[in-house]
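Chains as they are written, first to last, in our numbering: chain A, 2 to 111; chain B, 8 to 123.
None of these hints come from the bench; they were simulated from the model.
Treat the hints with care, as some may be off.
[Stated by the list, open to error] Going by beta-carbon spacing under 8 Å, a handful of chain B positions derived as facing chain A:
#: 1; residue: 38
#: 2; residue: 50
#: 3; residue: 52
#: 4; residue: 61
#: 5; residue: 62
#: 6; residue: 63
#: 7; residue: 69
#: 8; residue: 72
#: 9; residue: 73
#: 10; residue: 112
If you're wondering where the values come from, they're calculated on a predicted model, not measured in any experiment.
Backbone N, C-alpha and C define an ideal beta-carbon position, used for all residues, glycine too.
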Amino acid sequence: QKEVEQNSGPLSVPEGAIASLNCTYSDRVSQSFFWYRQYSGKSPELIMSIYSNGDKEDGRFTAQLNKASQYVSLLIRDSQPSDSATYLCAVSTNAGKSTFGDGTTLTVKP
Amino acid sequence: GAGVSQTPSNKVTEKGKYVELRCDPISGHTALYWYRQSLGQGPEFLIYFQGTGAADDSGLPNDRFFAVRPEGSVSTLKIQRTERGDSAVYLCASSLAGGANNSPLHFGNGTRLTVT
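Could you put together the complete structure from these sequences and hints?
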């Protein structure tokens, strides 16, 4: 079992819809949770960080964390074609390193 | 301001050769990370520096891989006796601090290593 699991997709949604991306993790002492976006041929860039249970909203993006269920998600509202990318979930403990999932590929169709 | 800089952007080498990959982190970032990424996979952790010392090198696959950060800024990843399986994109990232409540990672553009 991988430490960080994501559905590989591809996930396809129409423009304007809500895209829902999910991630589960195995290490119960994980404390920091991140979503990165990676365009094809580019490096990952941070979208959201979340450290405590509940929801965190930033513009069209909402991250949700449930430590009891070891689950973190990312919602993208009003999806745009420019949101088409691979979304990487990353989890870290206070030991320092971040562990990444293999990503979910999202396609937003005009 | 300047982001994380990695050189070279591309490196093609023959099997058995030695390569060095360089990373210049964001100024003031004390934590520096090396990852490698193969097609269709997420970044795979290799090593993490806090200042000059390697805080966690548990991801280095074998003793052909070595990394240094002698002055707590620029880091070099060194791969000896390269193998075709070492071909990947090597990503460097830096953050303000490691440890609890980790700061997010800021990635460089990566070095694409191809071993022929």
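Non-conforming hints, listed in increasing numerical order: Of the numbered hints given earlier, those the structure breaks are 4, 7, 8, 9, listed in rising order.
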